[in-house]
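Protein sequence lines correspond, in order, to chains U and D. Number 100 in numbering that gives the first Met the number 0 belongs to position 101 of the first sequence; there are no gaps in the numbering. Number 59 in numbering that gives the first Met the number 0 belongs to position 60 of the second sequence; there are no gaps in the numbering.
Misleading hints may appear alongside valid ones.
Now the stretches of chain U that chain D is said to cover, found in silico as 3 or more residues with beta-carbon under 8 Å [claimed, not checked]:
id: 1; region: 1-12
id: 2; region: 31-44
id: 3; region: 87-96
id: 4; region: 111-119
id: 5; region: 126-132
Derived DEER-like restraints, expressed as beta-carbon distance ranges [claimed, not checked]:
id: 6; chain 1: D; residue 1: Q8; chain 2: U; residue 2: V90; range: 49 to 57 Å
id: 7; chain 1: D; residue 1: Q14; chain 2: U; residue 2: F107; range: 25 to 33 Å
id: 8; chain 1: U; residue 1: P100; chain 2: D; residue 2: S38; range: 20 to 28 Å
id: 9; chain 1: D; residue 1: I54; chain 2: U; residue 2: F85; range: 19 to 27 Å
id: 10; chain 1: D; residue 1: R10; chain 2: U; residue 2: V90; range: 46 to 54 Å
id: 11; chain 1: D; residue 1: I42; chain 2: U; residue 2: L123; range: 51 to 59 Å
id: 12; chain 1: U; residue 1: D79; chain 2: D; residue 2: E29; range: 45 to 53 Å
id: 13; chain 1: D; residue 1: E29; chain 2: U; residue 2: R127; range: 21 to 29 Å
Listing some non-contacts, in silico: residues in chain U with all C-beta distances to chain D over 12 Å [stated by the list, open to error]:
id: 14; residue: K53
id: 15; residue: V56
id: 16; residue: T81
id: 17; residue: F107
Just so you know, the hints here were simulated from the structure itself, not pulled from any lab data. C-beta atoms are modelled at their ideal positions from N, C-alpha and C, and glycine is treated no differently.
Spelled out, the chains give:
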Amino acid sequence: MQFTRTLSVKNHPTGQHYVLSIPRPVAEALDLHEDEGGLVSIFIQRGQIKPYKKGTVHLQAYRETQIPWRETFNPAVWTDPTAHIFKPFPVPPNTLGRSRPTGCGKVFDFKVGHRASLEGLRFLQAARKALKLKVFPHGFKRGPKRRRIY
Amino acid sequence: MVRFVRTLQHRVTPQGRDFYALSIPPQVAEALGLKAGGSVDIIVAPVKKGKFEVILKAASSELS
């Protein structure tokens, strides 16, 4: 099946916005014809000299492609020692704002990773404090015991 | 491969017809060679049983 549609351009203060009308059989082929549409992954080839190669573009339903995920600290590790310290967390795709590519599989974001590490550290500090209060309810003094002078 | 994610918008026209529209990132328009807009060929080809491949290409008249 082949269809021809016009790629329309609208000039906005933020930049150029492109919209393509999609025929119903194409939406059916993507299995997104029901409800309110859905997320679509748009794949393009990266070129060697220019950032993007001229040519074809592939469309696929987002749910059928690799979902980006990152590792986050797992608080369950405190109660269940067999649990993994880090657990996979799906990263929501960015469909709004500045046009940026979406990652595939495991992604690394320095800012988010740093924030997650701080959260984990804060959780461990709070857990350590709670344990300390449980074990030493009357307080705990650090350092060597003072010698008694008789 | 570079991936962009966009939402396929669906609405029903006053005539009762389904209308679908997809926002295209500027990088994709550049890859199609249609920075100023133009005609696009949408090709749907069967890949496996019940699976289809959807390809966008600049219309041949646009390329010449």
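Now for the hints, and whether the structure bears them out:
| no. | hint | verdict |
| --- | --- | --- |
| 1 | 1-12 | holds (count 8) |
| 2 | 31-44 | holds (count 13) |
| 3 | 87-96 | holds (count 3) |
| 4 | 111-119 | violated (count 0) |
| 5 | 126-132 | violated (count 0) |
| 6 | Q8(D) x V90(U): 49 to 57 Å | violated (23 Å) |
| 7 | Q14(D) x F107(U): 25 to 33 Å | violated (49 Å) |
| 8 | P100(U) x S38(D): 20 to 28 Å | holds (25 Å) |
| 9 | I54(D) x F85(U): 19 to 27 Å | violated (38 Å) |
| 10 | R10(D) x V90(U): 46 to 54 Å | violated (28 Å) |
| 11 | I42(D) x L123(U): 51 to 59 Å | holds (54 Å) |
| 12 | D79(U) x E29(D): 45 to 53 Å | holds (50 Å) |
| 13 | E29(D) x R127(U): 21 to 29 Å | violated (53 Å) |
| 14 | K53 | violated (5 Å) |
| 15 | V56 | violated (4 Å) |
| 16 | T81 | holds (35 Å) |
| 17 | F107 | holds (16 Å) |
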